[in-house]
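Novice: The chain contents come next:
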Amino acid sequence: MSAGKKLIFLRGMRDGVPIGLGYFAVAFTLGIYARNVGLSAVQATVSSLLTHASAGQYAGFSMIGRQAGMIEVIVMTVVINARYLLMSTALSQRLGEQTSFLHRLGLGFCITDEIFGISLAYPVPLNPVYTYGAMCVASPGWALGTLLGVLMGNVLPENVVSALSVGLYGMFIAIIMPPARKNRVLAGVIVLSMCLSFACDRLLPGVSEGLRTILLTVIIALGAAILFPVKEEAHA
Amino acid sequence: MRNPYVYILVIALTTYLLRVLPLTLIRRPISSPLIRSFLYYVPYVTLAVMVFPAILTATGSLAAGIAAMAVAVGLALAGRGLVTVAACACLAAFVVGLAA
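Those sequence lines, one after another, are chains A and B.
Sequential numbering from 1 applies to the first sequence in the numbering used here.
Sequential numbering from 1 applies to the second sequence in the numbering used here.
It is possible that some hints are incorrect.
Stated by the list, open to error - Cut-off 20 Å, straight-line C-alpha distance, at most; resulting in silico cross-link-like pairs (SDA-like, lysine to any residue):
id: 1; chain 1: A; residue 1: Lys182; chain 2: A; residue 2: Val230
id: 2; chain 1: A; residue 1: Lys182; chain 2: B; residue 2: Ala99
id: 3; chain 1: A; residue 1: Lys5; chain 2: A; residue 2: Val124
id: 4; chain 1: A; residue 1: Lys231; chain 2: A; residue 2: Cys195
id: 5; chain 1: A; residue 1: Lys231; chain 2: B; residue 2: Arg36
id: 6; chain 1: A; residue 1: Lys182; chain 2: B; residue 2: Val73
id: 7; chain 1: A; residue 1: Lys231; chain 2: A; residue 2: Phe101
id: 8; chain 1: A; residue 1: Lys5; chain 2: A; residue 2: Val137
id: 9; chain 1: A; residue 1: Lys231; chain 2: B; residue 2: Tyr40
id: 10; chain 1: A; residue 1: Lys6; chain 2: A; residue 2: Thr99
id: 11; chain 1: A; residue 1: Lys231; chain 2: A; residue 2: Val185
id: 12; chain 1: A; residue 1: Lys231; chain 2: B; residue 2: Ser32
id: 13; chain 1: A; residue 1: Lys231; chain 2: B; residue 2: Pro29
id: 14; chain 1: A; residue 1: Lys5; chain 2: A; residue 2: Gly96
id: 15; chain 1: A; residue 1: Lys182; chain 2: B; residue 2: Gly74
id: 16; chain 1: A; residue 1: Lys231; chain 2: B; residue 2: Ser31
id: 17; chain 1: A; residue 1: Lys231; chain 2: B; residue 2: Pro33
id: 18; chain 1: A; residue 1: Lys182; chain 2: B; residue 2: Ser31
id: 19; chain 1: A; residue 1: Lys5; chain 2: A; residue 2: Pro125
id: 20; chain 1: A; residue 1: Lys231; chain 2: B; residue 2: Arg28
id: 21; chain 1: A; residue 1: Lys182; chain 2: B; residue 2: Ala78
id: 22; chain 1: A; residue 1: Lys182; chain 2: B; residue 2: Gly79
id: 23; chain 1: A; residue 1: Lys182; chain 2: B; residue 2: Leu21
id: 24; chain 1: A; residue 1: Lys182; chain 2: A; residue 2: Tyr122
id: 25; chain 1: A; residue 1: Lys5; chain 2: A; residue 2: Phe101
id: 26; chain 1: A; residue 1: Lys231; chain 2: B; residue 2: Leu34
id: 27; chain 1: A; residue 1: Lys231; chain 2: B; residue 2: Ile30
id: 28; chain 1: A; residue 1: Lys182; chain 2: A; residue 2: Ala121
id: 29; chain 1: A; residue 1: Lys231; chain 2: B; residue 2: Leu77
id: 30; chain 1: A; residue 1: Lys182; chain 2: B; residue 2: Arg80
id: 31; chain 1: A; residue 1: Lys5; chain 2: A; residue 2: Arg94
Derived by calculation from the structure, the hints in this document are not laboratory data.
The task is simple: from the sequences and hints, build the whole structure.
Specialist: This is the structure in structure tokens:
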């Protein structure tokens, strides 16, 4: 690895630390849930290493627990994780055109909400090595959290686990706020998104979080794109 | 009982396909201004929707959630980095959680 790449990888690892810690806390609760539906520590950890999707794995584990049909498993997994289609499409526009197929396969494996978020904060064109660095720290946090969640249940003090769980949201806020300060439309879009999300949460409690995320994303982003088309330089 | 690993692999593969198909199929810049604008807004809307109101209920204490949100927004607007913002939000949630 060249010195420049190494530096980018290390920068990714550094930014991956808070993600890994947050993942550890969230995955710990996922592990507790996995044990409740009858999965072994190895099974739950393998799932975490292969999937890295909190809501998707929660739903998946519940379907394993009740031995759901495979069609249902696939449909539910697509609905809950459909936002990754949008994230992946958005990231495809941030890669250099010459980015190799192998790197695209590798990067696809790394798309989680949080890794996607910090990859957006990276200057265009995105260097996949940065994302790999972050994933190298985040993935063990996710896997280890799951493993220990199954094995140890409720050993960590509950207030520590719950305080750690806001870390991920803090990171999201750190990603979306700075560009919004310089762009009034973007600030308005973010505030509107939060208000509508809150309204959906209150008025339509039957709609799952995954479905709510994708519906609101498509509606609000499309509306904003029609009313306030982005001038080219804003993409940089 | 069906082997759990079959489920685990089906879930993993389905999720991976959603993540990898656009990245591998879309190899050029999209030229439509509408789609470009749409994709520009997508991440901000997605992350905003996922943060709020989930952050309020994440710890089980509304006061801790509000404190974490306020600290994170304040520090993010002040231009602090991801690590600082995340750590201070956790700290705020922990401290207020103890007091509440």
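Novice: Looking back at the hints listed earlier, which ones does the structure fail to meet?
Specialist: Of the numbered hints, 2, 4, 7, 18, 23, 29 do not hold.
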